[in-house]
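J.: Sequence:
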Amino acid sequence: MSLGQHLVELRKRLMIAALALVVGMVVAFIITDPIIAWITQPIEDIAARRGDDDLTALTFGTVTSAFDLRMRIAFSIGIFLSAPVWLWQIWAFIMPGLTRKEIRYTIGFVAAAVPLFFGGCYLGVVVVPHVIELMWQFTPEGAANLYQAAEYYDFVFKLMIVIGISFVLPVFLVALNVAGVMSGKAILKGWRVAILIATVFAALATPAADVVSMLMLAGILTVLFFAAAGLSMLFDRRKAKRNMAFLPPEASA
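Heads up: the sequence shown is residues 516 to 768, going by our numbering.
Be a bit skeptical, because a hint or two may be false.
Claimed, not checked - Straight-line alpha carbon distances no greater than 20 Å define the calculated SDA-like cross-link-like pairs of lysine to any residue that follow:
| hint | residue 1 | residue 2 |
| --- | --- | --- |
| 1 | LYS754 | VAL693 |
| 2 | LYS700 | MET748 |
| 3 | LYS704 | ASP751 |
| 4 | LYS616 | LEU746 |
| 5 | LYS673 | GLU648 |
| 6 | LYS673 | ASP583 |
No lab work stands behind these hints, which were simulated from the structure alone.
Based on the sequences and whatever the hints tell you, model everything.
T.: Below you can see the structure in the form of structure tokens.
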């Protein structure tokens, strides 16, 4: 294909992906009520505990902020709902230029990365209510917790995404090993640094006082790191056996 044909193909793929995103956003906009009810459940629990809804509530500071919040939620959820379509469009665009081996590796990496990402997002869903309730405990008696809707949503969404992305990082370590950039032993050799980074990241992603959530997140990231290192060492062993099989008898002796 010529450069012009590639650009036409890219435009077609982008238009299909954009249309799928719009459809996903429309569907997501319809279901924003239960989503808002879910993310504000910790606030309602705190308000019920305090016995005064006026002191703990989600607030909207401008005339359009309630609509803006729904649009932001619709865009975020629409990306997830339309993911099968736009991921396929990306794959269909780059697949003709890949070899069979590269296609096999790409499918393997995507098959590992997607469940890990959503697993991390799910952990974020589990952690968020505990984080909010824990942070509320530091509010002085008589003070009000009036959460700005946009900032509150950003906190919930970003925490989920950050934890989800952190779960995918071990897949990139394996990808570097397959590409020949790092050996499995080199990855394993940095286990001390990996544990330190996992602990620091967990401490930044969770409140300082929520030790249980921090240890849980750091522990899962550490296990994923060692799993990536072990898988990389297994790949290195297979590569070494294949190389030995191609060597002449006198060279392998």
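J.: Determine which of the earlier numbered hints do not hold for this structure and return their numbers in increasing order.
T.: As far as the earlier hints go, not one is violated by this structure.
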